[in-house]
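Engineer: Required output: the full structure, derived from the provided sequences and hints.
Protein sequence lines, in the order shown, are assigned to chains A and B.
Going by the working numbering, the first sequence runs without a break in its numbering and finishes at 520.
Going by the working numbering, the second sequence runs without a break in its numbering and finishes at 700.
Keep in mind that the hints are not guaranteed to be accurate.
[What the hints assert, rightly or not] Below, a sample of chain A positions facing chain B; criterion: calculated Cβ distance under 8 angstroms:
# : residue
1 : T439
2 : P441
3 : E459
Note that these hints are calculated values from the structure, not bench results.
Idealized CB from N, CA, C, for every residue including glycine.
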Amino acid sequence: MKRLIFSLFVLTTILFATVTVDGYAYLENQSDHSGINVIFKSHDTETVSDSVTTEENGYFTVQVETNNYFITYEKDGYFSEDIKPRGTIEFEANTTLSSITLLKRTKLIKFANFIENKVVDNYQKLNFPQKILEKIQLADTTSQTPSARHHQSDTSQPPASEPAIRFSKNAAPPETTGEAGASDQPPASNLATRFSKNTASSDTSDKAGASDQPRASNLATRFSKNADPPETTGEAGASDQPPASNLATRFSKNTVLSDTSDKAEANDQPDTSQSLASESVIRFSKNTAPPEMTEKAGSSDQPPASNLATRFSKNTVLSDTSDKAEANDQPLASNPATRFSKNAFSPGAPGKTGPDPQQTITTKYRSIRKPPTKTKMGAMVRSLLFPGLGQFYANQRMWGYGWIAAEVVAGGLIVMNYSNYKTAYDDYNDYHTSYANETDPVLIAHYKAQSEISHEKIESAMDDMKTMASIAGVVWIANAVHAYIVGPTSGETAYDEIPLQLAYDQYTDQFKLSVSIPLD
Amino acid sequence: MKHLTMFILLLLIACEEVLKEVPEEVYDNPLDIEATIEEGIETPALMFFPDEININTNEIFTVSVYALDVQNVAGAYININYDQDKLLLIAINPGTFFSDLQDPLYFSETQNSGKIELYTVFFGADSSSVSGTGSFFSIMFAASVSGVSSLTYSTNCELVDPNDNQIEIKGFGEGLVNAH
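Structural biologist: The structure is reproduced here in structure tokens:
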């Protein structure tokens, strides 16, 4: 009976246990991060189970039942973040979610400039993920202040929360030791690794215990498709260079990662850096020890090297990224400035004291080449040079064709009258010559009459020609004036009229389009 | 493109022609009665044709002696003055005004004094006189030196009808020779 009661108790405890989920959510470029709604939806019913609002520092905490959840971060004026597409989160233990920064909707890109620069093309041509990776590395090394890192010293946050994460009950979340908190640098748990489909796990280890250099360097490695697995055996103990355990690693499809042998038997470094990444999830199973910092790291002024992009399988002991860096003044593993493409985990190292604005990278695409400025005078000058040119210049093609047609008609009439003039003139000369040389009075009279008729024709053709020339001139001037009227306003370009804007979201690796319509 | 160029070229030529004035109507044939009257020479008249001659020096030219708009003429006495220093008389031939079945009777007196006196009489088969405009003589000259010289009629010229009645000559034309 006791066993039955105990079993029921255990079963009830298991079934209806609640866990604490906390984390940080930030607003881009804001100091007040309050008001972000973190919504937990049940994976089974897709109904809102719980929701919580962030505090000023972006921190939130909520008690939820052990279950699978979709989590959505929402706030007006910001792009919502939804990790639903990449799976669910099963909370079976107290869990600290990785921090997320919401992009402001006003941080947009001029769509026309974007199109002009053919960003879409460049995106594919320029090995875009690697570019972003470099950019984030730069941002991380230049923009993040030590204090900011210090705020992110809560390394209990599991790495890579965007993929489906399963936190098993009684699994201790990643955490840092108190000694790590005293460090000026954040502990190195912020390892962002992206593992794609069919990617075998990398087992990176190092033997840097005896090294004077950090064991986990920020190695941003990108493995291309079907690439041979890199072997990052950490036998660099005698090396002055850091071994490559802090890998910001992007594994492409069908990439088999190296199972780097861990030669850490003689090393104090535990083999927790071994990670098997066969799925794009990070799963903390029961009895799984989270990555933690050893006390020995506390004496280091630099963060230890636990920034591994790691996937933890069930019953996998998370890396204890402690190192024997007591005497090491160099960082063991700084937070790699890492940008990952799809399903990437942001290298956020949420601290409970402040945001990490550098986690959000918004790429703006702007035109390098300024569009040519069109002016009314430019249109008029062109139309003065040739009718209709100014209208074409002002994108008034129909008007341009119209003015050209009008001028061609006027010119044609001038030419026609010139032809008549020329004929009459020639006739006049012929008749007049005959008249002057004739001695027969009858023929003299005849030629004289013909000469007079020809002369009248000359005058008529001349008058018509002058009239048509005047009309052509008026048309020419009118066309120039019209070109000035319909000409573009100085300094205005067509791009200014396009209300479409585009923003790039690094978390989802997608572009977001917005349309703004001024109502005033 | 070629057509467009041609069109523009024609347009420019037309504009150039537009700038020109219409040629002035000049009717100055000495045998044109209207023109002669407009110039103040009434008919019947004696005229030179052509009345303006431009030649080179030593070049031979012919000038005709015309009766303009005369009626019933049967005989004529023509007295012409010329600049003997500039013009050299070459020959005198009868005209066509008195020609009929037989050539007209004519004779001339030239005394190298710059005067030519001509006499002619009409012998018609069916009529005794002629009317209208016609030439009595054609005279050949050569320009001996350059310069402008004139041919003029003396006022004592006479036209007579078959009854020897004098016909009033109301106008006398003048000829100009411009030797270069």
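Engineer: Would you mind marking each hint as holding or not holding in the structure?
Structural biologist: Right, here's what the structure says about each hint:
1. Against a cut-off of 8 angstroms between C-beta atoms, the interface hint on T439 (chain A) holds, since the closest Cβ of chain B lies about 6 angstroms away.
2. For P441 (chain A), the interface hint holds, the least distance from its beta-carbon to any beta-carbon of chain B being 5 angstroms, beneath 8 angstroms.
3. Because the beta carbon of E459 (chain A) sits about 5 angstroms from the nearest beta carbon in chain B, less than 8 angstroms, this interface hint is met.
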